[in-house]
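S.K.: Each chain, written out:
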Amino acid sequence: MRGERAVTAALIASVLASIGLLVVYVFVGGNAQAEGLLLGLALGGMGVAIVIWAVALIDAPVETEARHPMPSPGETRRSARDALDADRIGRRTFLVRLLAGAAGFLGAALLLPAFSLGPAPGNALFQTPWRRGVRVVDETGKPIRPGDVAVDTVRTVFPAGHVGSADGQTLLIRVPPELLTLPDGRGGWAPSGCVAYSKICTHAGCPVGLYRARDHSLLCPCHQSTFDVLRGAVPTFGPAARPLPQLPMEVAPDGYLVATGDFPEPVGPSFWNVTHREGKAGSTPSALPSVRGGEPGPS
Amino acid sequence: MLGWIDDRLGAASWARTGLRKIFPDHWSFLLGEVALFCLVVLVLTGVFLTLFYVPDATAITYNGSFAPLQGQQVSAAFDSVMRLSFEVKAGLVMRQIHHWAALVFVAAIVVHLLRIFFTGAFRRPREINWLIGIGLLLLALAMGLTGYSLPDDLLSGTGLRIVYSVVLSIPFIGPYLAFLVFGGEFPTAQIISRLFVFHVMLLPALLLGGVGIHLAVLWIQKHSQYPGPGRTEHNVVGKPFWPSQVLKSTGLMILTAAVLSLMGGLIQINPVWTYGPFIPTTVSAPAQPDWYVGWLDGALRLFPPIEVTLLGITIPSPFIPGVLLPGIAFTVMTLWPFIEARLMHEGTREHNLLDRPRDNPLRTGIGVAALLVFVMLTLAAGNDVVALVFNVPVETMTNMMRIAVFVVPAVGFGVAWRICEELRRGELHPLGRDPGVMLRRTPEGGFEEVEPPD
Amino acid sequence: MRVLWAFVASLLVVAGLFALSAERAPARTRSQPAGSGSTTNQVSAGRTLYLTSCASCHAANGQGTAYGPSLAGVGAAAADFQLSTGRMPFAENAGHQAKRKPPAFTPDQIRALVAYVASLGAGPAVPTISTAPSLLPRGQQLFIANCAPCHGATANGGAVGGGALAPPLSMATAVQVGEAMLTAPGQMPAFPLSGEDLAAVATYVEYLRTAPNPGGFSIGGIGPVPEGFVAWLVGVSLLLLIVVLVGHDWDPRRT
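Residue numbers (the working numbering), protein chains in the order written: chain A, 1 to 299; chain B, 1 to 454; chain C, 1 to 255.
No lab work stands behind these hints: they were computed from the structure. One or more of the hints may lead you astray.
Unchecked claim - In silico negatives: residues of chain C with every beta carbon more than 12 Å from chain B:
id, residue
1, S44
2, S53
3, N146
4, N156
5, G186
6, G228
To be verified - Short derived list, chain B residues pointing at chain C, Cβ under 7 Å:
id, residue
7, G64
8, P68
9, I116
10, R418
Note that this is a predicted model, so its numbers are computed, not measured. Beta carbons: idealized from backbone N, C-alpha and C, even for Gly.
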């Protein structure tokens, strides 16, 4: 009989594959291809055998079963309603209301521990570690002079003492100064054509890691927001609506680049009160450590 | 055996009815089972992975066998995934089966959902299982999102920061909610262990419980069936649960596991070692989520750079595509059975015979249009990859998709409607004529259906 | 039955995709770095070649025209990179970005042209890159931080907007990697790293080219987009086929 032969063959194939799997595990070990293939064959043989068994070796004629409408007969429903008799509790109106109120208070009390999960945002979203006079350093902590930065290069810099900082990460790009047309009031912010913008995209927070040197554009790889480095990082394409905040910089007397303050706007993605100025309190760094999420995580 | 159980539980009577319960035969009724069996594979491989994974963001020095990362600072979580992939025997194949199973799981749910939708299987009395099903889909998406983020590699970290930004964009509560969920300003050390608790405990418990209820409701309501000779609203024509359906389903389960095993062994997925550990100051391109979140990422990519500030309140750009769009989409989807019943003046009629998609051109048209919106947004999430493959500027690609996301579904609606009408006129389907309904007046003054003669 | 054929056809398409992704062969060409050891002979031979092959765009003395930039001061590294990767001479149909193609000149001719361009003004010399396995971790770090944003973590290339593509690095030799980082070709910014760091990056790029894929077919190595396609085209297709076969009524009495 063909069906029986097929089931037998499939099961034998499955057994062989299972034995192969054991051999591979014990003697080879760690070869994902052999393991996956043999496991697939072992399971496949078994599955094929069972399916053929079901369709070829079992005689299951089509049967018909009656179906009843889902609603119970009216009598049953009435008696269920009587048994429930909500009135036995409901008639003590005052107690019912008190119970509901008490449950509400209990619920609120039980919910409160959820607030232990995280701090209130406070000023955290409005501040970064950049302050007036903080040196601009590279990822090894080395301070940078404008002359160290070649024209048309880009590097990721940090506030001194906060290397790897997630909200302080900044792109330092040197462009020919005559090409720069920064917004009014940022005249001295880019010594020798060194401009610095927050590296966090104002759309969804990805690092704006792609720099197109020829057209001086920064591109975020997550959603293709594009920013014009020469014009204060205004968005020129994609979903980002805010420019990347620019870091005000000057050259300190010792020749190294320093910040002359924090970013003028919040870095990173927008939130409902992103334009609220009163949240900005750059002069009180002591208020910070408790709200910031600690030093950036791994690596 | 049965005797022993019956002595203690009186099982014989329900075993008899249960084993002889009739299930209609049609391949499209097995789609949900495929999703279920993916879940079985996910649980089994997931348990294995959990035994090796370390949900800890503490920075340690990697000293495993993967040369390019030796001596680098990585999180303990990433280190454990690397160890699981390279040092644990059969670890890599388990991890890859798990990831493929996750992708196919959600895909199977979507295909199952499409079958339910286009055949009208969600109609009274099955709205209840539609609601549970939508809940299960949401749980599956949440499982995928939390699982995607656990390896703490560069790609998953990038995904997490987008999730953070989307949460942050909710007016008024956004910053508070984001800080509560993540434990502070992104990136935080806490998030990995939190995701882990959700991924291996809370969400699976809800998911498995929900699947149980989903199946129980199916059992109680009996399966719907396609119209055909001898099939009416008041019967089920098919084969008994035992042995043929049980054997077929068991075979299907094992074959599903076989396909996922082959994929897990032969096709590389999520090679975290090439992405390296998550570093908050860098990113690799292209950066995409797994496919089932792609439509939201695509919506984020297509949305115009609009950020309105009214009375000092800003609506951030990610809010509408990232929060409002899925909110509306899932609300409409959840309420669809009730919306349609209202539109079609359904009353309290029960539907146990399924529609063919052509039988309801409006529903089919809406379904096709919604599906095409989803497909267009998903394609938009890969705009940079498409741009690379076809060598067109990514801006052109984005602008084309901005138009396509409206035009293609509109055209799809019209075409689907037209095809339904044509098919109905021609009645080309082998299942033949709709048998129609014959009514008879009952003594109480109501109406009841008369079973047509075969 | 038509459904079956459709499945078979789609599986063939997928198999084709695999074949394509498996096809990228590692580079075999390796340009001999040309540089400081150039002779006056080479310079004059280079000038002769230059006048016939390059001067129409870069002008007779390398000062540049509307069709090609000035070559004064670009240095030997830039010339060697552009010529040895076949980007120059510029193909007429290449659009606005020069693409890698087989070099138009022999290694000797390239050395001569490079010597001539280097004589036009001081610029970066062709770097000496000595790759070493011990540099791998440093190279990985530098690559992820500086190169992966555009070229991708697997160096398979990426679209960087503005119509520009960061090319895949599967053919780039160690010297070419160093040259590109020093001379900023096209839209690429310069990465003036130290010699050892350049070698580290080149080591990692070389490693990526031959890196094993312990998980199986790499399906392009560009993340979730191909993974999603495979999940549907392979996973869902196979399972649908199985579902149709299992759900089919095989009883000959009822067909």
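S.K.: The structure should be examined with respect to each hint, and the outcome stated for every one.
M.R.: Results of checking the hints against the structure:
1. Every Cβ of chain B is farther than 12 Å from the Cβ of S44/C; the closest lies at roughly 40 Å, confirming the non-interface assignment.
2. Once the 12 Å rule is applied to beta carbons, S53/C is consistent with being away from chain B; the minimum gap is 27 Å.
3. For N146/C, the requirement that its beta carbon stay farther than 12 Å from each beta carbon of chain B is not met, with the minimum near 9 Å.
4. The claim that N156/C lies off the interface is violated: its Cβ sits roughly 9 Å from the closest Cβ of chain B, which falls inside the 12 Å cut-off.
5. Distance check on G186/C: its Cβ is at least 14 Å (rounded) from any Cβ of chain B, clearing the 12 Å threshold; non-interface status holds.
6. In this structure G228/C is not separated from chain B by more than 12 Å, as the shortest Cβ-Cβ distance comes to only about 3 Å.
7. The interface hint given for G64/B is violated, since its Cβ lies 12 Å from the closest Cβ of chain C, which is over the 7 Å cut-off.
8. For P68/B, the interface hint holds, since its Cβ comes within 7 Å of a Cβ in chain C; the closest pair sits about 4 Å apart.
9. Annotation: I116/B was flagged as interfacial toward chain C, and the flag is violated, the nearest CB pair being 15 Å apart, outside 7 Å.
10. For R418/B, the interface hint is violated, since its Cβ never comes within 7 Å of a Cβ in chain C; the closest pair sits about 22 Å apart.
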